[in-house]
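Just so we're aligned: 76 in the UniProt record's numbering is position 76 of the sequence shown, and the numbers increase by one with no gaps anywhere.
Careful: at least some of the hints might be erroneous.
Simulated restraints, written as ranges between beta carbons of each label pair [stated by the list, open to error]:
id	residue 1	residue 2	range
1	Val-121	Ala-92	36 to 46 Å
2	Leu-103	Asp-152	15 to 25 Å
3	Phe-88	Phe-148	15 to 25 Å
4	Gly-80	Phe-146	13 to 23 Å
5	Pro-119	Thr-90	41 to 51 Å
6	Met-161	Ser-77	22 to 32 Å
7	Lys-66	Gly-129	35 to 45 Å
8	His-64	Gly-123	41 to 51 Å
Hints listed in this document are in silico derivations from the structure and should not be mistaken for laboratory results. Ideal Cβ placement from N, Cα and C applies to all residues, glycine included.
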Amino acid sequence: MAGALYLAKTSCRSTLWKTLLSRSPVLKLNTVQRESCKISRMPAALFCTTNTVQAQTAAHDHSHTKIWTAERFLSGSLVGILPLSLAFPTPALDYALALALTLHVHWGVEAIVVDYARPSVVGTAVSKGALAAVYGLSVLTLGGLFYFNYADVGLSQAIRMLWKL
Numbered sequence: 001m002a003g004a005l006y007l008a009k010t011s012c013r014s015t016l017w018k019t020l021l022s023r024s025p026v027l028k029l030n031t032v033q034r035e036s037c038k039i040s041r042m043p044a045a046l047f048c049t050t051n052t053v054q055a056q057t058a059a060h061d062h063s064h065t066k067i068w069t070a071e072r073f074l075s076g077s078l079v080g081i082l083p084l085s086l087a088f089p090t091p092a093l094d095y096a097l098a099l100a101l102t103l104h105v106h107w108g109v110e111a112i113v114v115d116y117a118r119p120s121v122v123g124t125a126v127s128k129g130a131l132a133a134v135y136g137l138s139v140l141t142l143g144g145l146f147y148f149n150y151a152d153v154g155l156s157q158a159i160r161m162l163w164k165l
């Protein structure tokens, strides 16, 4: 019982604390006050559990699972798009290849920048500038590849021409 009070108080979740108090008729106000006094003297890091970490993660959910799934889907689709576009060079496959390659490289470089150019390491301005540079270069790359597909022979035909050298 005391462990539940420790967990409830140290998780800093008022809703959990209120729920615990409202659902347990056995708890008396004096018991809660005594446990609360003990808890305030103990470091909260000792009582961090998987449930509290999951609750904190859910509060800051940015749909990383969906992005990870999209990255895996794109990587898998590159396995099909690349050979198809080289075997049967068409404008539609050239544009699909340009988009898939640019997005694949963008997500990879963005992950590197987010991991190594953290605001706590290099400062907020440099971190945001590096991320903006990644987005800018990705847009320029995609625009350049689309222009090359439109105005020249196309991406897959250019790769075939390089192989003939």
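(message) Between the beta carbons of Met-161 and Ser-77, is the distance compatible with 22 to 32 Å?
(response) Taking Cβ atoms as reference, Met-161 and Ser-77 lie about 24 Å apart, which means the hint holds.
(request) With respect to the beta-carbon atoms only, verify the hint that Lys-66 and Gly-129 lie 35 to 45 Å apart. (result) For Gly-129 against Lys-66, whose Cβ atoms are near 27 Å apart, the range 35 to 45 Å is violated.
(request) Evaluate the given range 13 to 23 Å for the C-beta pair formed by Gly-80 and Phe-146. (result) 21 Å, holds
(request) Given the hint of 36 to 46 Å, check if Val-121 and Ala-92 actually sit that far apart at their C-beta atoms. (result) 43 Å, holds
(message) Can you tell me whether the CB distance of Pro-119 to Thr-90 sits inside 41 to 51 Å?
(response) Given about 45 Å between the Cβ atoms, the range holds.
(request) Starting from the hint 15 to 25 Å, judge whether the C-beta atoms of Leu-103 and Asp-152 obey it. (result) 21 Å, holds
(message) Holds or violated: the 41 to 51 Å window for the beta-carbon distance between His-64 and Gly-123?
(response) 24 Å, violated
(request) Take the C-beta atom of Phe-88 and the C-beta atom of Phe-148, compute their distance, and say whether it sits inside 15 to 25 Å. (result) The hint (15 to 25 Å, Cβ to Cβ) holds, given that Phe-88 and Phe-148 are roughly 19 Å apart.
Hints 7 and 8 from the list above are not met by this structure, while the remaining hints are.
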